[in-house]
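J.: Make one complex out of these two single chains by using the hints.
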Amino acid sequence: MKFSYACMTLTLLMAATRAGAAELPRGWVLSPSGDERAAEPQAEPTDELTREIEGALGASARSMDAVGFASAGRVSANRASVPWHLEAFTTEIGVSASGKIGVLSVKATPAVQVYWRKKPQTTGREEAELVDEAAAPADIDASIDGAVALARGEGFQGDEGALRARLREFASEAESGLRAAEAGLPGGWWVSGFRLDLSVDASGVVNVVTVGGDVRLRLEWKRLEASRRTGESMAAPRSAWALGLAEVSRVLAEELARAEEESEIPTGLTATSLRVGVGMNAKGSVGVVKAGGTALAHLNFSRDPSRSGIGNAPVSGAVLSLLLNPAIHPDAIQVPRERFRKGLAKAFRMSGYFAERALRSESTRWGLWQVKTGLDLSVGGDIGVVAASGLVSMEIAMQNRAWGKKREGEAVAARAVEPLRVERSDALAAFVSEALSRDSVMESVACDRGADEDWRLLSLLLRLRAQVGFEVPGFAKLVIQPEAELVWQRPAPQGWGSYHP
Amino acid sequence: MRLIGMAALAAIVFSGCRGNSVLMLVPDGKGGWDQERVPAQEYEARVSQVGAVVEASSLETIEKEARERDGWAVRTVAIGVGATAEIGVADWKVGIAPKTRVFFTNNAKPQLP
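Heads up: the sequence lines are chains D and X, in that order. Under the working numbering, the first sequence has 47 at position 62, and the numbering climbs by one with no breaks. Counting from 1 along the second sequence, just add 156 to a position and that's the residue number in the working numbering.
Next up, chain X with everything else stripped away, as it sits in the complex (with noise of 0.2 Å):
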């Protein structure tokens, strides 16, 4: 009985965790998809990294190198990041980044695509 109470106490514990996690959909390896729950704060630390590292990598070079020729312009410049391929759900704390895609712009009323 102080087992069962204990598993109790354990699955509450861990659901209010749910309210601290994200919902990701990955591939389950077998061509479908599976649900995998992530710690917010991991989520959100590499989200952060990886739009952190895309703007200092790509915004000095963006201002270097867009061109402008002949009246036409590279006005906006979009770079899309995400894992580098469909990898099982247990992968997942050693190289998945959440899909997302950064927008750079000298427009003040830019075109996202």
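Chain D on its own, in the form it takes in the complex (with noise of 0.2 Å):
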């Protein structure tokens, strides 16, 4: 009798300690194959799941409300540049593909990237901005010598000749289907950007990466904009690549209107991009890239508020293209846009939910700024958020609308906050050192000769990971593996900004 007890007792004690019952909607994560669960109603988050995030965001708020006091007085909005300071910080959460979900602790995919900001001491009031600062034009042969350069400094071994022409081609045929697409895009939505992700491996060769892959060197393309117009002087595209991704991009933005208008948007919270990865199969056909399948680039759509959707305007086409891994799907699947259509409100609803959270959670020193939802795609047009094992497609962004603005108090409740005195970690300064010196991409990107285009290159960002692992000073124990991400910009040359329709 007394084991009865015993255990009655140790199961009560489990059932209240674990981690249990929070854990997303069946249907707001795709099964492990991708597909949709089959006639799973559409739920909503319960309110203990909604109290789970909303502490753990809470709690990741506050975690640094101690740190950033080196950084102290050292942010102007007034200025493009500024003294070297800490801006941000990052919380990640993850999903399994059972819809079990918490704060991730090791290297996974994130379902959802919070991005809080240390809140303006300033008066003054700066509003969120859909395209960072421009950079400035650079011809695209000058971009690709800068990652060949950088590809080089990587231990790159091939052949120089040949890489630089496979990008220059891509690149070069990339804007002039984007130029293409721009002339018909309907709504609020419109392409502002695209990427080229690359990896070098470990013998040197330098790949396209698939979707999630391990980054080491991405190129960013932004559309700037001149004060002055030179003319149209760039060639209609041509190929299969150029042609196909203008209709994506018209696609795209067509059901991005539709859907956004089909979804509440919390109030508060302003969706403002749309990335997702595109390719091209063997075959020929453009589409969207489901995980798994080889992304040729990343299209960023942004969204200008101010101007309102598609309406009842007619849309091109009845299908999108969704390109899956090869090997097991040769040819693209035609997904009625319709379903997707559905699949991409969803993901609006989704992304507003998680943001919503993160803006009830800000610190007396930091504030949401910026919230990305990780998504995934099924065969059948049905969109979720990325399992943590997973693959990211799409990823939406919403800002908050709210950010910058002096909120009365705040200044007083930040001085209260006691900074944290920590130990410098020599090795972690050491890897930082070592991921600053390797500057060869500017080797080669030293011409700019001035090109009226109104596609540039914007930015470089090279991710190095460290070998091993270091230990936290003070903490004993603690163990973490740092990487360095670095953004390479220059300044837009006189006449030429950030372009908004």
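Hints are computed from structural coordinates only; laboratory data are not their basis. Warning: the hint list may mix true and false statements.
Stated by the list, open to error - Derived BS3-like pairs: lysine-lysine, alpha-carbon spacing no greater than 30 Å straight-line:
id	chain 1	residue 1	chain 2	residue 2
1	X	Lys265	X	Lys220
2	D	Lys331	D	Lys92
3	D	Lys327	D	Lys268
4	X	Lys265	D	Lys92
5	X	Lys220	D	Lys331
What the hints assert, rightly or not - Cβ-to-Cβ under 8 Å is the rule here; a few derived chain X residues that face chain D:
id	residue
6	Val178
7	Leu181
8	Gly185
9	Glu200
10	Ala208
11	Glu211
12	Gly238
13	Phe259
14	Gln267
As the list claims (entries may be wrong) - Sample of chain X residues at the chain D side, in silico, Cβ under 10 Å:
id	residue
15	Lys186
16	Glu192
17	Arg202
18	Gly207
19	Val209
20	Val210
21	Glu219
Computed from a predicted model, the values in this text were never measured in an experiment. Note that beta-carbon positions come from the ideal geometry of N, C-alpha and C, so glycine has one too.
T.: Next up, the structure:
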């Protein structure tokens, strides 16, 4: 009898302390095969789940309150360049294939990335930027030279001429395709940029990486706008890649506008961008890439909140091409746009849910700036949040409309926080120093021929991972494995700025 | 009966602790994922400590060594940190830090990757 009581006691204790029940609604996460869960009701998150997420995000925001004092007083919103300072940090939330959710502890694919930024201490007001600071025009050759130089610095040993030619052809055709797409894009969404991810493997071979791969080098083109247009001299797209890219861009822009109209974005938030992987299969079909397929590039759509949606305008084409792993699905899958639009509307709703939780979790010194939700596609057109073991196919970003607006009492509260004193990690400092020394990319990006094209290489991002973990001083046995991401940019020349339609 | 009452009381007490804990997603050691509840105080202490060490170890180095060359410049540096490997649930208390990225910039309107 006593044994039974003991068992019952233990069971009750375990039931009370175990971390169950906090799971996403079925249907928010696609099945491991990527198919929809058949006949799943579109349930809403429970109150318990909402409390768990808000609790985790609240603790995350508070946890950095004692950090960032070394950067105090360095922030100014009135100049383009300011002293180096700690600006932001992220909280990354993961989801299992069965819907279990929690703050990620290890390297995995985050379903939600919450960007916290230090609240401005000035009385100025900084509006959320749809497009970040513009970079200078640089012709394609100079951009490609930079990529090749960086590849060389990272150990590339192949035919540089062939790599240069391949990248140049890809970028030229992508630009012409995107220009063709711009002409007819409806609603408030437009293609604001595209990016190319490259990896360098152990043998020094440079590859265009698959979606979610271990990115080492990222080239990002963004659209700029000159104060004085010099004419439309760009040749019309000719290749299957360029023509397909134009069509996919048009379909996505139409569906984004319609799906956004069908979903309710929570008050205080704005959906500002969608990033999606696009590719081309061996048969020349261009389409949206589901994780596992090979993405040639990522398109970034930005939104102008001042423009209305597509309304009842006619749509072009009845299907959206979806590319999967070519070894399993050699042909593009034609997804009915109606299904894809419903999936997108659900994606906006899910993204809005997470962003709203973060919006309620700000601390005294750190405010919500942006939330990115990683998404995966099903073969039938449904969309769910990406699982921690999965790969991101699309990403929606939502921004805090009130970011930068000073609120009463915040400055007083911020002063009450005591700075955290810690020891410096020499190993981590050495790793950062080593990452910063990899500037071989700049050796070849010296020329700026002043081209007047409106698609420009905006930035180069280099990601390096440490090979070993470092102990955190003052915290016994806490070991971290750092990675560094360096964003190289250059200023826009006179007369050029960020494009806004 | 007394034991059941004590168990029920303990369950209520522990349930109340949920409000002071953070749910984390951790590898279960079998290729899947499990949830682990971590005291909020410990969670906050680890994030604070990691953030402070990253700042103390990186800011000065970046200020000294961030390059500017031919019009290009390093404008944003993100230091991402997480656990060293996929460690089982039971190891949470000895070595896991919540995964985060810390951004340094000298740009008033930074591009955060």
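J.: Each hint: holds or not?
T.: Hint by hint, here is what the structure shows:
1. X:Lys265 x X:Lys220: Cα-Cα ~21 Å, so holds.
2. D:Lys331 x D:Lys92: holds (27 Å)
3. D:Lys327 x D:Lys268: With a Cα-Cα distance of about 28 Å, the restraint between lysine 327 of chain D and lysine 268 of chain D holds, given a limit of 30 Å.
4. X:Lys265 x D:Lys92: holds (28 Å)
5. X:Lys220 x D:Lys331: violated (47 Å)
6. Val178: holds (5 Å)
7. Leu181: Cβ of leucine 181 of chain X sits 4 Å from chain D, so the hint holds.
8. Gly185: Since chain D brings no Cβ nearer than about 12 Å to glycine 185 of chain X, farther than 8 Å, the hint is violated.
9. Glu200: holds (4 Å)
10. Ala208: With Cβ-Cβ at 4 Å, under 8 Å, it holds.
11. Glu211: For glutamate 211 of chain X, the interface hint holds, since the closest Cβ of chain D sits about 5 Å away, which is under 8 Å.
12. Gly238: Holds: closest Cβ of chain D sits about 6 Å from glycine 238 of chain X, inside 8 Å.
13. Phe259: Since chain D brings a Cβ to about 4 Å from phenylalanine 259 of chain X, closer than 8 Å, the hint holds.
14. Gln267: holds (4 Å)
15. Lys186: violated (12 Å)
16. Glu192: holds (6 Å)
17. Arg202: Since the shortest Cβ distance to chain D is 7 Å, the answer is holds.
18. Gly207: holds (4 Å)
19. Val209: Hint holds; valine 209 of chain X Cβ to chain D Cβ min 5 Å, cut 10 Å.
20. Val210: Holds, because the Cβ-Cβ distance from valine 210 of chain X to chain D comes to roughly 7 Å (cut-off 10 Å).
21. Glu219: Status holds, d = 5 Å.
Checked against the numbered hints listed earlier, the structure breaks hints 5, 8, 15; every other hint is satisfied.
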